[in-house]
Amino acid sequence: MNCQAFSDHVFDYLRGGLRGERSHFDAHRGSCPACAARLEGIRENERILSRARVPTAPPELWPRIAAALAEGRPIPSRALRAASFLAAAAALLLAVTLFATSRPARSSELNLIVQEVGPESQRAFRSLVPKYDDVDAATAMVDTVLRND
Amino acid sequence: MSERAESAMGGDDADLVRKHLSGDPDAFRLLYEKYGDKVFASAYRIVGEYHAAADLVQEIFVKIHGELRAFKFESKFSTWLFRVTVNHALNRASEVVRHARIHEKIVRDGRGDPGGTREGRPVDDEVQTALLELSPKLRSVISLRYLEGLSYEEIAEILEISIGTVKSRLFLAHETLRPLLKNVTLEPEP
Numbered sequence: 001m002n003c004q005a006f007s008d009h010v011f012d013y014l015r016g017g018l019r020g021e022r023s024h025f026d027a028h029r030g031s032c033p034a035c036a037a038r039l040e041g042i043r044e045n046e047r048i049l050s051r052a053r054v055p056t057a058p059p060e061l062w063p064r065i066a067a068a069l070a071e072g073r074p075i076p077s078r079a080l081r082a083a084s085f086l087a088a089a090a091a092l093l094l095a096v097t098l099f100a101t102s103r104p105a106r107s108s109e110l111n112l113i114v115q116e117v118g119p120e121s122q123r124a125f126r127s128l129v130p131k132y133d134d135v136d137a138a139t140a141m142v143d144t145v146l147r148n149d
Numbered sequence: 001m002s003e004r005a006e007s008a009m010g011g012d013d014a015d016l017v018r019k020h021l022s023g024d025p026d027a028f029r030l031l032y033e034k035y036g037d038k039v040f041a042s043a044y045r046i047v048g049e050y051h052a053a054a055d056l057v058q059e060i061f062v063k064i065h066g067e068l069r070a071f072k073f074e075s076k077f078s079t080w081l082f083r084v085t086v087n088h089a090l091n092r093a094s095e096v097v098r099h100a101r102i103h104e105k106i107v108r109d110g111r112g113d114p115g116g117t118r119e120g121r122p123v124d125d126e127v128q129t130a131l132l133e134l135s136p137k138l139r140s141v142i143s144l145r146y147l148e149g150l151s152y153e154e155i156a157e158i159l160e161i162s163i164g165t166v167k168s169r170l171f172l173a174h175e176t177l178r179p180l181l182k183n184v185t186l187e188p189e190p
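In order, the protein sequences belong to chains P and X.
Quick note: the first sequence, position 115, residue 115 per this note's numbering, numbers continuous.
Quick note: the second sequence, position 147, residue 147 per this note's numbering, numbers continuous.
The following block holds chain P by itself, in its conformation from the complex (with noise of 0.2 Å):
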């Protein structure tokens, strides 16, 4: 057995199958210290993931499906304003960039340029300015994000 064989079976052998192929599998594992370090890995990460505690769902959340079922249609959801928040974030950061690559921002013209854009975007910006002191923070934020992604 080689070491891409070794990979192939290595759940197989986890899960106590490999009837045939199992003296293969244990005498590679003896004769390659990689393939039983990687062996080694699987165990640990499994036992880990198999402790990791599992979130439920908050209580709220049938009522708010009962409610948009009986709406015939999805109540606006938190997934889809966080969405348009990024959007939002994304549309002002390129107008606040244009601006700032000619002079300094002020408050007073920053909220000229907000002006231009969607509500949305309004409400997004300004929620984040004041958190990072000034607009020139609060653009390199987010657009550290959107370069990382």
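Hints should not be assumed to be uniformly reliable.
Which chain P residues stay away from chain X? Per the calculated CB distances, all over 12 Å, these [unchecked claim]:
no., residue
1, R22
2, D26
3, A27
4, R29
5, G30
6, P33
7, L39
8, R47
9, T56
Covered by chain X, according to a simulated footprint, are these stretches of chain P (three or more residues, beta-carbon under 8 Å) [to be verified]:
no., segment
10, 4-11
11, 58-72
Derived DEER-like restraints, expressed as beta-carbon distance ranges [unchecked claim]:
no., chain 1, residue 1, chain 2, residue 2, range
12, X, S162, P, A27, 23 to 33 Å
13, X, D12, P, E40, 36 to 46 Å
14, P, R51, X, I161, 26 to 36 Å
It is worth saying that the hints were derived from the structure and are not from the lab.
For each residue, glycine too, the CB sits at the ideal point set by N, CA and C.
Fit chain X to the known structure of chain P by using the hints.
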């Protein structure tokens, strides 16, 4: 979980689906009671953000409520449900994860929650943080295998891939996770 859902646990999901289709007003809620937490756990593991996972579960149950009439009873209801869950979560994962990173950074910077989209965190942060380093496809395989406890065959059916692909994705996921989980210390089992 209600007594009725409890008894349905060992019974026949298809029966609940039929009752729902024939107009039983409680049947769909019983399906939610039976699978809501499992669907939530899978969605949470894939998108990695508590509220986003709750939104996805809401969307998924509203979606399947409308699509149950098309359920052909050719596969297990749970298989069909997990397929819808994983596909929906994968479709939304990149968008949600990107947003979660912005919020993560804001919270990490100690600047509070900008949009009120995050409340509290589960205790298994280290595992979840490691899982977020995986691609959504690898994350979904890990989630179905180790959180839902599904067999390779069931995972292959849900994801509509071969058993060999399930195993190779699991292998790759473990290779990626090993350095990320090596410092995780588990409490002694009670």
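Going through the hints against the structure:
The Cβ of R22 (chain P) sits about 17 Å from the closest Cβ of chain X, beyond the 12 Å cut-off, so the non-interface label holds. Distance check for D26 (chain P) against chain X: the nearest CB is about 19 Å away, which clears 12 Å, and the non-interface claim stands. A cut-off of 12 Å between C-beta atoms confirms that A27 (chain P) is not in contact with chain X; the least separation is 20 Å. Non-interface status of R29 (chain P) relative to chain X is upheld: no Cβ of that chain comes within 12 Å, the nearest being about 15 Å off.
No Cβ of chain X comes within 12 Å of the Cβ of G30 (chain P); the nearest lies about 20 Å off, and the non-interface call holds. No Cβ of chain X comes within 12 Å of the Cβ of P33 (chain P); the nearest lies about 15 Å off, and the non-interface call holds. Against the 12 Å criterion, L39 (chain P) falls within the reach of chain X, whose nearest CB is about 10 Å from its own CB. The Cβ of R47 (chain P) sits about 7 Å from the closest Cβ of chain X, inside the 12 Å cut-off, so the non-interface label is violated.
T56 (chain P), annotated as away from the interface, has a beta carbon of chain X within 12 Å; the closest lies near 5 Å. Interface restraint, the segment 4-11 of chain P with chain X: holds (4 residues with C-beta to C-beta distance below 8 Å; minimum three). By the rule of at least three residues with a Cβ nearer than 8 Å to a Cβ of chain X, the coverage given for the segment 58-72 of chain P holds, with 8 such residues. Range check, S162 (chain X) to A27 (chain P): Cβ separation about 28 Å, and the 23 to 33 Å hint holds.
The hint said 36 to 46 Å for the Cβ distance between D12 (chain X) and E40 (chain P), and at roughly 42 Å that hint holds. With their beta carbons about 27 Å apart, R51 (chain P) and I161 (chain X) fall inside the hinted range of 26 to 36 Å.
The structure is inconsistent with the numbered hints 7, 8 and 9, although it conforms to all the rest.
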